[in-house]
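**Q** Sequence:
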Amino acid sequence: MAELSRTIWKAAGGRDSLLESVELFDEYSGSGVPEGQRSLAFRLTYRAGDRTLTEAEVNELHQRIRDSLVEKYAVTLRS
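For the sequence shown, numbering that gives the first Met the number 0 begins at 0 and goes up steadily by one.
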């Protein structure tokens with residue numbers, strides 16, 4: 000999990016980015032998940048201390064993180 004978390008932080012631009020926290024909140028393997036794989040769910044919190052973030056800012060950053068995970072780990076994303 001630590002490597003995935005580092006990849007997420009790096010894609011977001013590091014600790015000084017709009018990403019405030021990364022939390023793994025669910026891990027599942029079993030029915031509905033292919034053999035040898037697992038389903039991981041992360042909670043990402045975005046925040047700017049000086050203003051309200053726009054939907055476009057969050058969407059752009061979130062997509063950059065998703066793209067990075069797909070590129071580096073060939074993951075299948077659900078949503």
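If you're looking for bench data, these hints aren't it; they were derived computationally from the structure.
Check before you lean on any hint, since a few could be wrong.
Unchecked claim - Ranges of calculated distance between the beta carbons of each label pair, as one might list FRET restraints: (1) E34 x R77: 10 to 20 Å; (2) G35 x A55: 34 to 44 Å; (3) Y27 x A55: 11 to 21 Å.
Just so you know, even glycine gets a beta-carbon here, dropped at the ideal spot from N, CA and C.
**Q** Each hint should be assessed against the structure and marked as holding or not.
**A** Quick rundown of the hints versus the structure:
1. E34 x R77: 10 to 20 Å: The hinted range 10 to 20 Å holds for E34 and R77, with Cβ atoms some 18 Å apart.
2. G35 x A55: 34 to 44 Å: Since the Cβ atoms of G35 and A55 sit about 38 Å apart, the hinted range of 34 to 44 Å holds.
3. Y27 x A55: 11 to 21 Å: 32 Å, violated
Of the numbered hints given earlier, the model fails hint 3 alone.
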